[in-house]
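Chemist: Next come the chains, spelled out residue by residue.
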Amino acid sequence: SQTIHQWPATLVQPVGSPLSLECTVEGTSNPNLYWYRQAAGRGLQLLFYSVGIGQISSEVPQNLSASRPQDRQFILSSKKLLLSDSGFYLCAWTRQGPSTDQPQHFGDGTRLSIL
Amino acid sequence: EDQVTQSPEALRLQEGESSSLNCSYTVSGLRGLFWYRQDPGKGPEFLFTLYSAGEEKEKERLKATLTKKESFLHITAPKPEDSATYLCAATSGGSYIPTFGRGTSLIVHP
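Going down the list, the sequences are from chains U and V. Mapping of the first sequence onto the numbering used here: position 63 corresponds to residue 1074, and the numbering continues sequentially without gaps. Mapping of the second sequence onto the numbering used here: position 89 corresponds to residue 102, and the numbering continues sequentially without gaps.
Heads up, a few of these hints could be off.
Now the in silico label distances, taken between C-beta atoms and shown as ranges [unchecked claim]:
1) Gly-42/V with Thr-1021/U: 25 to 33 Å
2) Pro-21/V with Pro-1029/U: 35 to 43 Å
3) Asp-1082/U with Lys-92/V: 38 to 46 Å
4) Arg-1053/U with Glu-94/V: 23 to 31 Å
5) Glu-1070/U with His-122/V: 33 to 41 Å
6) Lys-55/V with Arg-1106/U: 36 to 44 Å
7) His-122/V with Arg-1106/U: 36 to 44 Å
8) Ile-1064/U with Gly-29/V: 35 to 43 Å
9) Glu-73/V with Glu-1070/U: 32 to 40 Å
10) Gly-1038/U with Pro-93/V: 30 to 38 Å
11) Gly-1027/U with Tyr-64/V: 17 to 25 Å
Examples of chain V residues lying across from chain U (beta carbon under 7 Å, computed) [stated by the list, open to error]:
12) Arg-25
13) Gly-45
14) Lys-55
15) Gly-56
16) Pro-57
17) Phe-59
18) Phe-85
19) Arg-115
Quick caveat, the hints were computed from the structure, so don't treat them as lab data. Computed from a prediction, not measured in an experiment: that's the story for all the values here. We put the CB at the ideal spot given by N, CA and C, even for glycine.
Generate coordinates for the entire structure from the input sequences, incorporating the hints supplied.
Modeler: Now the structure itself:
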């Protein structure tokens, strides 16, 4: 069976510090991978998605970047965090190919607080 | 632009009081309509996929239905453990990106 892991579960960082959140998927090959941010009462905002190693699409210009160094590894980074980067970050995957008829499977998220 | 709107934003029910959650969608060529359940502090958990108008799916006390403009998540005789936020999402064409609604927060009181 397939599993998705995100870490850390919670993170408190000062403004201006760097960020690295990691997501890995097990039990499948060449998945589509997604990073979302979820603000209270505002639904899911897609940040980045990737259909293969080294292939990253950005949906929203921002202070964040993403990388996919390995097939089943997706990393969300920032060089300098802003207060507005606080939120609940979710990683998700679907099977390879257009995901029009496939559900997304989510990790348990990282709660990021910027002080 | 694809849009998904969920209503109500919040719903409070007594245990055993059946109700429905609504998900209205405007997408060009619906390919899939998805329902998820999200518990506080957790990621969304997949519940159902619906593909065409008239389709229905059931799981325990939940039943999802689909028309050409909207989907309903019917909750029959809910229990407190059904309390969660329910999200719906729609995909269209060949996009890799689903459009999510903002969710309905359901609280079931014992």
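Chemist: Can you list which hints this structure breaks, lowest number first?
Modeler: 1, 6, 8, 11, 12, 18
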